[in-house]
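First to last, the sequence lines map onto chains A and B. If you're matching positions, the first sequence starts at 53 in the working numbering and goes up one per residue. If you're matching positions, the second sequence starts at 53 in the working numbering and goes up one per residue.
Simulated from the structure, these hints should not be mistaken for lab results. Hints should not be assumed to be uniformly reliable.
Since the list gives no way to pick out one identical chain from another, each pair is judged satisfied if it fits inside one copy or across any two copies.
Within a straight-line C-alpha distance of at most 25 Å, the following computed PhoX-like cross-link-like pairs (lysine-lysine) qualify [stated by the list, open to error]: (1) K273 x K87; (2) K207 x K237; (3) K183 x K141; (4) K240 x K119; (5) K138 x K183; (6) K141 x K173; (7) K141 x K168; (8) K138 x K237; (9) K240 x K183; (10) K87 x K237; (11) K237 x K168.
Protein chains: 2
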Amino acid sequence: MQRYFLDEAYQPQDHFVLEREAYHHIVRVMRMSPKERVYLAFNDQQVIIAEITEITDQAVYLVELAKENMQKELPCQVTIASGYPKGDKLDWIVQKGTELGAHAFTGFPAATSVVKWDAKKRKKRQERLTKIAQEAAEQSHRQVVPQVTLLETEKELYAQLDAYDVILVAYEESAKQGESSRLAKVLKEIIDNNHVGCRILAVFGPEGGLTPQEIVTFEGKGGILCGLGPRILRTETAPLYLLSAVSYQLELL
Amino acid sequence: MQRYFLDEAYQPQDHFVLEREAYHHIVRVMRMSPKERVYLAFNDQQVIIAEITEITDQAVYLVELAKENMQKELPCQVTIASGYPKGDKLDWIVQKGTELGAHAFTGFPAATSVVKWDAKKRKKRQERLTKIAQEAAEQSHRQVVPQVTLLETEKELYAQLDAYDVILVAYEESAKQGESSRLAKVLKEIIDNNHVGCRILAVFGPEGGLTPQEIVTFEGKGGILCGLGPRILRTETAPLYLLSAVSYQLELL
Chain A
53 MQRYFLDEAY
63 QPQDHFVLER
73 EAYHHIVRVM
83 RMSPKERVYL
93 AFNDQQVIIA
103 EITEITDQAV
113 YLVELAKENM
123 QKELPCQVTI
133 ASGYPKGDKL
143 DWIVQKGTEL
153 GAHAFTGFPA
163 ATSVVKWDAK
173 KRKKRQERLT
183 KIAQEAAEQS
193 HRQVVPQVTL
203 LETEKELYAQ
213 LDAYDVILVA
223 YEESAKQGES
233 SRLAKVLKEI
243 IDNNHVGCRI
253 LAVFGPEGGL
263 TPQEIVTFEG
273 KGGILCGLGP
283 RILRTETAPL
293 YLLSAVSYQL
303 ELL
Chain B
53 MQRYFLDEAY
63 QPQDHFVLER
73 EAYHHIVRVM
83 RMSPKERVYL
93 AFNDQQVIIA
103 EITEITDQAV
113 YLVELAKENM
123 QKELPCQVTI
133 ASGYPKGDKL
143 DWIVQKGTEL
153 GAHAFTGFPA
163 ATSVVKWDAK
173 KRKKRQERLT
183 KIAQEAAEQS
193 HRQVVPQVTL
203 LETEKELYAQ
213 LDAYDVILVA
223 YEESAKQGES
233 SRLAKVLKEI
243 IDNNHVGCRI
253 LAVFGPEGGL
263 TPQEIVTFEG
273 KGGILCGLGP
283 RILRTETAPL
293 YLLSAVSYQL
303 ELL
């Protein structure tokens, strides 16, 4: 069943009205008719099942049938911070990361990032990535659409670090040295201390990795270096491992 | 450091010799010189660090410096069975799945698979996927290159099921119904019973999912239906979640 995100909080109403993009999608793309059903996801994470009652030239009218009661969001808010990688890898990180439950994505120019994006290019990419996140959120039945932010400087990322409860730094050298328990330790502490809603930032370098200087800076701000198993993961694969591990530990175990 | 797979078991030797493809890669692609070092990975999972001593017109000669002692393979052999998906999604499953430690990949025509590959096309795809697995195994420092097999019929897959100790079937309906503990239960049993080397088959449907009839057949052969968290994952994302969860449970916890 199709899912539409509304940029408003849920309030019981006789009729819900969809216009513009959602209207276009329901009427032109999905070619739906009255009596068909969709999910409406509000920006306060409330989701309802709604039935179409009428379709006019400009609007789709729906009535609420039931609330969707299942919790689809990770118990912790995980933000993925990726040093700008090459090509369209960020597209993949955002699409797959949204499916796997990321709360937000932050791109930043790491020391070894090869791509250089000016303000115009960043704005365009951010719009494109936001659209990818929205589509993936609909497809994977999320309750929120992850926010995508592309930073101009790495300093801006450093300035935001205090906003997080836990900072994880994926570090290839940790994997090479066989470090294998720090991630599990952190996630188990989150459970033991019942830190639901805890804000986690997970930092990933680009293809060339993070430099010793960057590592020192993150560690100085409380960043925890952690390996993600003994194999060397590509820059676009590592965030997916981390999100899967968070889900497995906090949702399945 | 570059990694080369040799299709032979490790035996101590005064000199190791690389020819053909590996020669080409070392000399033409990497432009290496004597004194530079590489990993040599043998087909019995032994890996050594070797130094180049001489490069001739046809061969690279190397001496062993040390053994690589770290275990890079998952404690269990996980085979990913994917119902043929659309486009180049199988490429992604094989590349990312190899990084994440899959032991082998089996493609099969599921009831809802849209693509139809004849014997010639299958052979070509299998060669291409084998190359992708080899490159990903080198890049992620694996000890073995996963084998890729593309089946002509789903019956062939059913006939192989007895060869596995555990059959997991990723089932979207399990996710929708909030089933959330079966995967964790199975993986913890593997640990509790010290089933190192245990052979796991993980089955994933194509975009359209597995049909009730397919589900019944897998269940009849002992398949365990399991959800992968409350979000709906695409056919190419679900195997990555499973492999990450196996690694997290068996290698990190």
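Evaluated hints:
For a Cα distance limit of 25 Å, the shortest separation of K273 from K87 qualifies neither inside one copy, at 54 Å, nor across copies, at 40 Å. Taking the closest pair of Cα atoms, K207 and K237 never come within 25 Å of each other, the shortest separation being 29 Å inside a single copy and 44 Å across copies. Within a single copy, K183 and K141 get their C-alpha atoms as close as 15 Å, and across copies as close as 21 Å, so both meet the 25 Å cut-off. For a Cα distance limit of 25 Å, the shortest separation of K240 from K119 qualifies neither inside one copy, at 32 Å, nor across copies, at 34 Å.
Taking the shortest Cα distances, K138 and K183 sit within 25 Å of each other both inside one copy (20 Å) and across copies (22 Å). For the homomeric pair K141 and K173, the shortest alpha-carbon distance inside one copy (16 Å) is at most 25 Å, but the shortest distance between copies (28 Å) is not. Proximity of K141 to K168 under the C-alpha cut-off of 25 Å is restricted to the intra-copy arrangement: shortest distance 15 Å within a copy versus 29 Å between copies. With identical chains, the CA atoms of K138 and K237 are never at most 25 Å apart, being 32 Å at best within one copy and 39 Å at best between copies.
In the homo-oligomer, the alpha carbons of K240 and K183 never lie at most 25 Å apart, since the shortest distance is 34 Å inside one protomer and 39 Å across protomers. For the homomeric pair K87 and K237, neither the shortest alpha-carbon distance inside one copy (50 Å) nor that between copies (41 Å) is at most 25 Å. For the homomeric pair K237 and K168, neither the shortest alpha-carbon distance inside one copy (36 Å) nor that between copies (46 Å) is at most 25 Å.
Figure legend: structure checked against the earlier numbered hints; hints not met, in rising order: 1, 2, 4, 8, 9, 10 and 11.
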